[in-house]
Amino acid sequence: KEALQKYLFQKGVKEKRTVVLIIDEAQKLNSFSLEMLRVLLNYETNEFKLFQLILLGQLELYAKIINMSNFLDRVSFKYTLNPLDEEETMSLIEFRLRQAGYKSNMKLFSYGSVKQIHRYTGGSPRKIAMLCHKALKYLVMRNKFVADENLIHEIVNEEVKQGWFTAGQTSLLQKSSF
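Under the numbering used here, the first residue of the sequence shown is numbered 191, with each subsequent residue one higher.
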């Protein structure tokens, strides 16, 4: 603990830098860990903020923090990522393809497949990425060039068997699609 305080003081006061700790999947932190992070947030001087904390996590994280008033008092900004709409879903897919190095003008996902991806995933970026990854694997395995809505239906039906999607999600889609 003292070594950490000394490190933060060195970085903050002597080097005029703020240490930033970013924790992903923060909903997995237990109460003890959150309390230790809260204590670290107290390390500051009148002139220097020595430590900044960025927690990224699912909604369960907020449920944990809301019960820790001392921790919640130190939260200066919170943001909840809402589900993406269809247009944002398409933008995310295109962005991730470009980031992966895809440079062709040929669309890998048809308009209909994007609609199905959005419906099945509810606009969840993580599920969109997972479903698209599976679709790309299917395209390679079948020597196809474009994922259409039939391929997305097939993948999701297979995934229902494995528990990734619930049967309720697929029956809701089947009622609303045609």
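Note that these hints are calculated values from the structure, not bench results. Be a bit skeptical, because a hint or two may be false.
[As the list claims (entries may be wrong)] Computed cross-link-like contacts, DSSO-like style, restricted to lysine-lysine with a CA-CA straight-line distance of at most 30 Å:
#	residue 1	residue 2
1	LYS196	LYS297
2	LYS268	LYS239
3	LYS305	LYS254
4	LYS268	LYS254
5	LYS317	LYS218
6	LYS293	LYS327
7	LYS334	LYS317
8	LYS297	LYS334
9	LYS317	LYS305
10	LYS206	LYS268
11	LYS268	LYS191
12	LYS218	LYS293
13	LYS268	LYS293
14	LYS268	LYS201
15	LYS196	LYS218
16	LYS334	LYS324
17	LYS293	LYS239
18	LYS254	LYS191
19	LYS305	LYS351
20	LYS293	LYS317
21	LYS293	LYS324
22	LYS317	LYS351
23	LYS324	LYS218
24	LYS297	LYS317
25	LYS327	LYS297
26	LYS239	LYS218
27	LYS206	LYS196
All of these numbers come straight from a predicted model, not from anything done at the bench.
Evaluation of the provided hints:
For a cut-off of 30 Å, the pair hint linking LYS196 to LYS297 is broken: about 54 Å separates their Cα positions. With a C-alpha separation of about 19 Å, the suggested pair LYS268 and LYS239 falls inside the 30 Å cut-off, and the hint holds. Using a Cα cut-off of 30 Å, the hinted pair LYS305 and LYS254 is violated, with the two alpha carbons roughly 35 Å apart. Only pairs whose Cα atoms come within 30 Å are accepted, and LYS268 paired with LYS254 is accepted, the gap being roughly 14 Å.
A hinted pair counts as satisfied when its Cα atoms are at most 30 Å apart, and LYS317 with LYS218 qualifies at roughly 19 Å. Proposed proximity of LYS293 and LYS327 is supported: the alpha carbons are some 18 Å apart, at most 30 Å. Taking the CA atoms of LYS334 and LYS317, the gap is near 22 Å; set against the 30 Å cutoff, the hint holds. For the given pair, LYS297 sits about 12 Å from LYS334 by alpha-carbon distance, which is consistent with the 30 Å threshold.
Restraint check for LYS317 and LYS305: the C-alpha separation of about 14 Å stays at or below 30 Å, so the hint holds. Proximity of LYS206 to LYS268 is assessed by CA-CA distance (about 26 Å); at most 30 Å being required, the pair is judged to hold. For the suggested pair LYS268 and LYS191, the alpha carbons sit about 28 Å apart, so the restraint of at most 30 Å is met. Of the pairs offered as hints, the one joining LYS218 and LYS293 is violated, with about 37 Å between alpha carbons and a cut-off of 30 Å exceeded.
As the CA atoms of LYS268 and LYS293 are separated by approximately 35 Å, the hinted pair breaks the 30 Å bound. For a cut-off of 30 Å, the pair hint linking LYS268 to LYS201 stands: about 26 Å separates their Cα positions. For the suggested pair LYS196 and LYS218, the alpha carbons sit about 28 Å apart, so the restraint of at most 30 Å is met. For the suggested pair LYS334 and LYS324, the alpha carbons sit about 13 Å apart, so the restraint of at most 30 Å is met.
In summary, the hint linking LYS293 to LYS239 is not supported, as the alpha carbons are separated by about 44 Å, beyond the 30 Å threshold. About 24 Å separates the Cα atoms of LYS254 and LYS191, which keeps this hinted pair within 30 Å; it holds. Among the hinted pairs, LYS305 with LYS351 is consistent with the structure: their alpha-carbon atoms are about 22 Å apart, no more than 30 Å. Between LYS293 and LYS317, the direct Cα distance comes to roughly 24 Å. Compliance with the 30 Å bound is thereby established for this hinted pair.
At most 30 Å may separate the alpha-carbon atoms for a hinted pair to count; LYS293 and LYS324 meet this at roughly 20 Å. Among the hinted pairs, LYS317 with LYS351 is consistent with the structure: their alpha-carbon atoms are about 16 Å apart, no more than 30 Å. Between the alpha carbons of LYS324 and LYS218 the distance comes to roughly 26 Å, so the proposed pair stays at or under 30 Å and holds. For the hint linking LYS297 to LYS317, the alpha-carbon distance of about 20 Å falls within 30 Å, and the restraint holds.
Between LYS327 and LYS297 the alpha-carbon distance is near 16 Å, which keeps this suggested pair within the 30 Å criterion. For the given pair, LYS239 sits about 26 Å from LYS218 by alpha-carbon distance, which is consistent with the 30 Å threshold. Distance check on the hinted pair: LYS206 and LYS196 sit about 14 Å apart at the alpha-carbon level, within 30 Å; holds.
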